[in-house]
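Colleague: Note that the protein sequences, when read in sequence, are chains A and B. When the letters of the first sequence are read in order and numbered with my numbering, they come out as residues 1 to 305. When the letters of the second sequence are read in order and numbered with my numbering, they come out as residues 1 to 535.
The set of hints was computed from the structure by calculation and includes no laboratory data. Since the model is a prediction, treat every value here as computed from it, not as a measurement. Glycine included, each C-beta is placed from N, C-alpha and C at the ideal position. Accuracy of the hints is not assured; some may be wrong.
[What the hints assert, rightly or not] Which stretches of chain B does chain A cover? Using the computed rule of at least three CB atoms under 8 angstroms from a CB of chain A, they are:
(1) 47-54
(2) 253-261
(3) 303-309
(4) 352-360
(5) 458-467
(6) 483-490
(7) 506-519
[Claimed, not checked] Under the rule of at most 25 angstroms between Cα atoms (straight-line distance), these lysine to any residue pairs were calculated in the SDA-like manner:
(8) K30/A <-> D416/B
(9) K30/A <-> V417/B
(10) K335/B <-> L161/A
(11) K30/A <-> G425/B
(12) K83/B <-> P248/A
(13) K83/B <-> L288/A
(14) K335/B <-> P159/A
(15) K335/B <-> D203/A
(16) K56/B <-> M171/A
(17) K30/A <-> V45/B
(18) K33/B <-> Q85/A
(19) K30/A <-> R430/B
(20) K30/A <-> P329/B
(21) K30/A <-> K147/B
(22) K30/A <-> F196/B
(23) K334/B <-> M40/A
(24) K276/B <-> W32/A
(25) K30/A <-> L343/B
(26) K83/B <-> A199/A
(27) K56/B <-> F27/A
(28) K83/B <-> L216/A
(29) K334/B <-> L216/A
(30) K33/B <-> L281/A
(31) K387/B <-> T71/A
(32) K335/B <-> G164/A
(33) K83/B <-> I202/A
(34) K334/B <-> D203/A
(35) K335/B <-> L288/A
(36) K387/B <-> Q209/A
(37) K33/B <-> D203/A
(38) K83/B <-> D203/A
(39) K147/B <-> P135/B
(40) K147/B <-> V101/B
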Amino acid sequence: MSNSTLTPALKTVPTAPAPRRKFAVWFRDKGWRHLVGLVMGVFALFPLAYVLSAALSPTGTLVSASGLFGTIEFDNFVNLFSDPQKPFAKWFVNTLVVGLITSAGTVFLGALAAYSFSRMRFTGRRFGLMSLMLLQMFPQMLGVVAIFLLLSGISDVVPWLGLGSQTGLIMVYLGGALGVNTYLMYGFFNTVPKSLDEAARIDGASHIQIFFTIILRLVTPILAIVGLLSFITATGEFLIASIVLNDPDTQTLAVGLYSFVGDSQSRTWGVFSAGAVLAALPVMVLFLFLQRFISSGLVAGAVKG
Amino acid sequence: MVDQLDTPVRSDIPAPKTKPRRSPDSTAGLLAKILLLGLTDAFAVYVLMALFMNEKWTILAVATAVTVLINWIYLRRGGLPAKYLAPGVLFLLVFQVFVVVYSGYIAFTNYGDGHNSTKDDAISSISMSAQKRIPDSPAYQVSVVEKGDVLSLLVTDPDGGVRIGTTGEPLADVDGAELGSTGKAVGAEGYRTLTFNELLGAQQEITAIQVPLGEDLDEGILQTADGSNAYVFKPVLVYDEAADTFTDTESGAVYTDGGEGSFITADGERLATGWKVGVGFENFERAFTDPDLRGPLVSVILWTFAFALGSVLLCFGLGLFLALTFNHPNLRGKKIYRTVMILPYAFPAFLAGLVWSGMLNQEFGFINASLFGGADIPWLTDPWLAKFSVLLVNTWLGFPYMFLVCTGALQSLPEDVNEAARMDGASAWRIFRSIKLPLLLVSTAPLLISTFAFNFNNFNVIFMLTGGGPRFSDTNMDIGATDLLITLVYKVAFGQGSGRDYGLASALAVIIFIIVAVISAVSFRQTKALEEVNS
Numbered sequence: 001m002s003n004s005t006l007t008p009a010l011k012t013v014p015t016a017p018a019p020r021r022k023f024a025v026w027f028r029d030k031g032w033r034h035l036v037g038l039v040m041g042v043f044a045l046f047p048l049a050y051v052l053s054a055a056l057s058p059t060g061t062l063v064s065a066s067g068l069f070g071t072i073e074f075d076n077f078v079n080l081f082s083d084p085q086k087p088f089a090k091w092f093v094n095t096l097v098v099g100l101i102t103s104a105g106t107v108f109l110g111a112l113a114a115y116s117f118s119r120m121r122f123t124g125r126r127f128g129l130m131s132l133m134l135l136q137m138f139p140q141m142l143g144v145v146a147i148f149l150l151l152s153g154i155s156d157v158v159p160w161l162g163l164g165s166q167t168g169l170i171m172v173y174l175g176g177a178l179g180v181n182t183y184l185m186y187g188f189f190n191t192v193p194k195s196l197d198e199a200a201r202i203d204g205a206s207h208i209q210i211f212f213t214i215i216l217r218l219v220t221p222i223l224a225i226v227g228l229l230s231f232i233t234a235t236g237e238f239l240i241a242s243i244v245l246n247d248p249d250t251q252t253l254a255v256g257l258y259s260f261v262g263d264s265q266s267r268t269w270g271v272f273s274a275g276a277v278l279a280a281l282p283v284m285v286l287f288l289f290l291q292r293f294i295s296s297g298l299v300a301g302a303v304k305g
Numbered sequence: 001m002v003d004q005l006d007t008p009v010r011s012d013i014p015a016p017k018t019k020p021r022r023s024p025d026s027t028a029g030l031l032a033k034i035l036l037l038g039l040t041d042a043f044a045v046y047v048l049m050a051l052f053m054n055e056k057w058t059i060l061a062v063a064t065a066v067t068v069l070i071n072w073i074y075l076r077r078g079g080l081p082a083k084y085l086a087p088g089v090l091f092l093l094v095f096q097v098f099v100v101v102y103s104g105y106i107a108f109t110n111y112g113d114g115h116n117s118t119k120d121d122a123i124s125s126i127s128m129s130a131q132k133r134i135p136d137s138p139a140y141q142v143s144v145v146e147k148g149d150v151l152s153l154l155v156t157d158p159d160g161g162v163r164i165g166t167t168g169e170p171l172a173d174v175d176g177a178e179l180g181s182t183g184k185a186v187g188a189e190g191y192r193t194l195t196f197n198e199l200l201g202a203q204q205e206i207t208a209i210q211v212p213l214g215e216d217l218d219e220g221i222l223q224t225a226d227g228s229n230a231y232v233f234k235p236v237l238v239y240d241e242a243a244d245t246f247t248d249t250e251s252g253a254v255y256t257d258g259g260e261g262s263f264i265t266a267d268g269e270r271l272a273t274g275w276k277v278g279v280g281f282e283n284f285e286r287a288f289t290d291p292d293l294r295g296p297l298v299s300v301i302l303w304t305f306a307f308a309l310g311s312v313l314l315c316f317g318l319g320l321f322l323a324l325t326f327n328h329p330n331l332r333g334k335k336i337y338r339t340v341m342i343l344p345y346a347f348p349a350f351l352a353g354l355v356w357s358g359m360l361n362q363e364f365g366f367i368n369a370s371l372f373g374g375a376d377i378p379w380l381t382d383p384w385l386a387k388f389s390v391l392l393v394n395t396w397l398g399f400p401y402m403f404l405v406c407t408g409a410l411q412s413l414p415e416d417v418n419e420a421a422r423m424d425g426a427s428a429w430r431i432f433r434s435i436k437l438p439l440l441l442v443s444t445a446p447l448l449i450s451t452f453a454f455n456f457n458n459f460n461v462i463f464m465l466t467g468g469g470p471r472f473s474d475t476n477m478d479i480g481a482t483d484l485l486i487t488l489v490y491k492v493a494f495g496q497g498s499g500r501d502y503g504l505a506s507a508l509a510v511i512i513f514i515i516v517a518v519i520s521a522v523s524f525r526q527t528k529a530l531e532e533v534n535s
């Protein structure tokens, strides 16, 4: 592998004196990489450090937010949990509920579909795969008006499934459960040798037994990836959630935390930052924990900005 | 992973002739199946009954058909694929396919504030809302009584008769009325009279009760403000069914059906409540001809492309540069660098937008206050700087993904080509440009396309960071320099300022559909990604 791909950038390196020779070689080979790493590290970490510092800052306003980690107090976290108008704890639970059910449903529905696409041959199979690929090009949020009207129609008939309900929101999210997820899983299912199925069938296993006891166990990595990605998507989704969940008690973190900013941004900044830290921390920890799997899943085709 | 499919396909489903010798399902499986199907059917029956009660006949028919179809799929012997596909496809059909079709339909209507139901509903709503108390009308003594959840007025006529009625149900005689000491009826059999405290607590519900005096609405309706005295109100606007017009009883103005979903006078005065009608291509025409919308819309479309393309290039460029930088066989701390680079990707995107909006705040933000020593740089309020800021933040969010992808792709490049090129005396830059980059592009092209499509509709970053602002000065609508098409749709449909216009918003969404569809069709043809499907 070439180590000096970007040499033109290094004109300023001192070269002349003999003892410095060694340094120049080191810098050309590795040193500049550390420099890039440092600069990019600051760029990547800075906003995170800033929000943590704002969360721990005692005054909690945007004005005072200059100077990182000047003083550390936990007032913002206390305030975060004490405003009945903005029930942060409830939002947190709501987000977990919506995220977990959505990701479990997505994994299950996607796995069922991927199994049939991968293991069975039927009329309309190719058409089905093609339609899924085309449909995933149309993000659900484009149809937000139609979703709103559809759910308000459902509200007239079954109120707990319609506008304002988390069940309604979850159903909307599950509408996008196939699509890219089926594709990811389909590819992975294909890597499991079919001879395993056949052997099991000869032993008298039914298709449902093969699915649950053989296939699903062998494809666990991709199930984890799809589950995690759809959890992250569902918990970070704002547009549809803000339309569907109109009562503070049912809202998710994305919708709720947004209400902290806006006109009074400079006043509630500290409390918002505390909320942001608490909201982001679990996801980030999970992410780092599962980093290796995620990278391979991403390369297989999932997207985020 | 795809090649396996190219081998001649052996049917994995047992052919019909080899009938299963043993029951395909175990007892537990059979029980689970019965239980699940039973639950589904119970739910279906519940929904069907609710639909029946609400008299939604079309949906009832569709829902019945779906219920029958589901049962047929799971009760018959064959058709295994359908059994696995049905649940996901059902959600997909309702919440994605139907939504797309329905958006298309709404785009051709005037659906929105003031136009959200049928003409009949609009007529009764207008008749009911424009009520005026008749001067010198007699006072009726009333008690508010409750049966189930419905509040009724128990009315004592000025001449002593006792009748009862509620919203939509004209006054009718009542049996077994219980009279108070003043001769006012205070209770009736089967009804519970509200206490004084309850009256105070239910003010709004009580003032909303409108009891027609007779079958004919023109006789007037009874309304009460305090729950003890009611007066006769009559509609100011009277509907004439034969002529299909509303007449204002005071000014004498005549409102006729203007053909555009509302009643309108000859002078162009319009009643606020209208109904939904098809308007053909009017919404699309408006998007490109309305002076309030035309100019800004073109800017928004151009910026949407610029933003999506810019985001992909910046993220990919930076990600690739970093991947090359850290792809050194023995670089110390490589793992730490990689972990740090991934962190922005793990941070929720909507929070990132909000956090950066605080940091970039012109007066109080950290960037101006501390990094630039109290400078007054309008990061989010100057049109060009706002565009720059949006791209900067999106790069912060997006480069880790490209870094991961490029690292993966780099590591899978064949080393021997590289060696051969070096033997031939190619420079590092030459090797990168002529060998590595083309190979990388082949494997990452589909990802670049889908990233482009994603950023084309990247709602969160824009909405949380600038809210689309700063606003254009040449329009009255809430459109700004960093608005993408998707944020524009959201503002038109659910915005705070002007009224909600679902028709126009859906028309804009349809325009986006078309743009995205054309782009993806063209780019898929280019990358031949569809070939993967042709197994």
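Colleague: Work down the list of hints and note, for each, if the structure agrees.
Modeller: Each hint tested on the structure:
Using a Cβ-Cβ cut-off of 8 angstroms, 4 residues of the stretch 47-54 of chain B lie near chain A, which meets the minimum of three, so the contact claim holds. Here's how the stretch 253-261 of chain B fares: 0 of its residues keep a CB closer than 8 angstroms to some CB of chain A, so the rule of at least three is not met and the hint is violated. Coverage of the stretch 303-309 of chain B by chain A is violated in this model, with 0 residues showing a Cβ closer than 8 angstroms to a Cβ of that chain against a need of three. Counting residues of the stretch 352-360 of chain B whose CB lies closer than 8 angstroms to any CB of chain A gives 7, which reaches the minimum of 3, so the coverage claim holds.
Only residues whose beta carbon comes within less than 8 angstroms of a beta carbon in chain A count, and the stretch 458-467 of chain B has 6; three or more means the coverage holds. Interface restraint, the stretch 483-490 of chain B with chain A: holds (3 residues with C-beta to C-beta distance below 8 angstroms; minimum three). With 6 residues having a beta carbon nearer than 8 angstroms to a beta carbon of chain A, the stretch 506-519 of chain B meets the requirement of three or more and the stated coverage holds. Between K30/A and D416/B, the direct Cα distance comes to roughly 23 angstroms. Compliance with the 25 angstroms bound is thereby established for this hinted pair.
Between K30/A and V417/B, the direct Cα distance comes to roughly 24 angstroms. Compliance with the 25 angstroms bound is thereby established for this hinted pair. A distance of roughly 47 angstroms separates the Cα atoms of K335/B and L161/A; the hinted pair therefore is violated under the 25 angstroms criterion. Taken as a hint, the K30/A and G425/B pair is honoured in the structure, with Cα atoms around 22 angstroms apart against an allowance of 25 angstroms. The straight-line distance between the Cα atoms of K83/B and P248/A is roughly 39 angstroms, outside the 25 angstroms bound, and the hint therefore fails.
The hinted pair formed by K83/B and L288/A fails the criterion: a straight-line CA distance of about 37 angstroms is larger than 25 angstroms. Note on K335/B and P159/A: the hinted pairing is violated, with a Cα-Cα distance of about 51 angstroms set against a maximum of 25 angstroms. Of the pairs offered as hints, the one joining K335/B and D203/A is violated, with about 47 angstroms between alpha carbons and a cut-off of 25 angstroms exceeded. A hinted pair counts as satisfied when its Cα atoms are at most 25 angstroms apart, and K56/B with M171/A qualifies at roughly 21 angstroms.
Restraint check for K30/A and V45/B: not satisfied, since their Cα atoms lie roughly 70 angstroms apart, outside the 25 angstroms limit. Only pairs whose Cα atoms come within 25 angstroms are accepted, and K33/B paired with Q85/A is rejected, the gap being roughly 45 angstroms. Under the criterion of a C-alpha separation no larger than 25 angstroms, the hint pairing K30/A with R430/B is consistent with the structure, at around 20 angstroms. With a C-alpha separation of about 10 angstroms, the suggested pair K30/A and P329/B falls inside the 25 angstroms cut-off, and the hint holds.
Using a Cα cut-off of 25 angstroms, the hinted pair K30/A and K147/B is violated, with the two alpha carbons roughly 83 angstroms apart. At roughly 84 angstroms between alpha-carbon atoms, K30/A and F196/B are farther apart than 25 angstroms, so this suggested pair is violated. Taking the CA atoms of K334/B and M40/A, the gap is about 13 angstroms. The hint holds against a cut of 25 angstroms. With a CA separation close to 65 angstroms, the supplied pair K276/B and W32/A exceeds the 25 angstroms bound.
Simply put, K30/A and L343/B have alpha-carbon atoms about 23 angstroms apart, close enough for the 25 angstroms limit, and the pair holds. With a C-alpha separation of about 23 angstroms, the suggested pairing of K83/B with A199/A holds against the 25 angstroms cut-off. The hinted pair formed by K56/B and F27/A fails the criterion: a straight-line CA distance of about 75 angstroms is larger than 25 angstroms. Proximity of K83/B to L216/A is assessed by CA-CA distance (about 17 angstroms); at most 25 angstroms being required, the pair is judged to hold.
Distance check on the hinted pair: K334/B and L216/A sit about 35 angstroms apart at the alpha-carbon level, beyond 25 angstroms; violated. Taking the CA atoms of K33/B and L281/A, the gap is about 40 angstroms. The hint is violated against a cut of 25 angstroms. The suggested pairing of K387/B with T71/A is violated, with an alpha-carbon distance near 34 angstroms, which exceeds 25 angstroms. A distance of roughly 45 angstroms separates the Cα atoms of K335/B and G164/A; the hinted pair therefore is violated under the 25 angstroms criterion.
Our distance criterion of 25 angstroms between C-alpha atoms is met by K83/B and I202/A, whose separation comes to about 22 angstroms. This hinted pair does not check out: K334/B and D203/A have alpha carbons roughly 50 angstroms apart, beyond 25 angstroms. With a CA separation close to 12 angstroms, the supplied pair K335/B and L288/A stays within the 25 angstroms bound. For the hint pairing K387/B with Q209/A, the CA-to-CA distance comes to about 55 angstroms; that exceeds 25 angstroms, so the pair is violated.
A threshold of 25 angstroms between alpha carbons decides the hint, and for K33/B with D203/A the separation of about 22 angstroms falls inside it, so the pair holds. Restraint check: the Cα-Cα separation between K83/B and D203/A comes to about 23 angstroms, which is no more than 25 angstroms; the hinted pair holds. Proximity of K147/B to P135/B is assessed by CA-CA distance (about 32 angstroms); at most 25 angstroms being required, the pair is judged violated. Of the supplied pair hints, the one linking K147/B and V101/B is violated, its CA atoms being roughly 43 angstroms apart against a limit of 25 angstroms.
In this structure, the hints that do not hold are numbers 2, 3, 10, 12, 13, 14, 15, 17, 18, 21, 22, 24, 27, 29, 30, 31, 32, 34, 36, 39, 40, in rising order.
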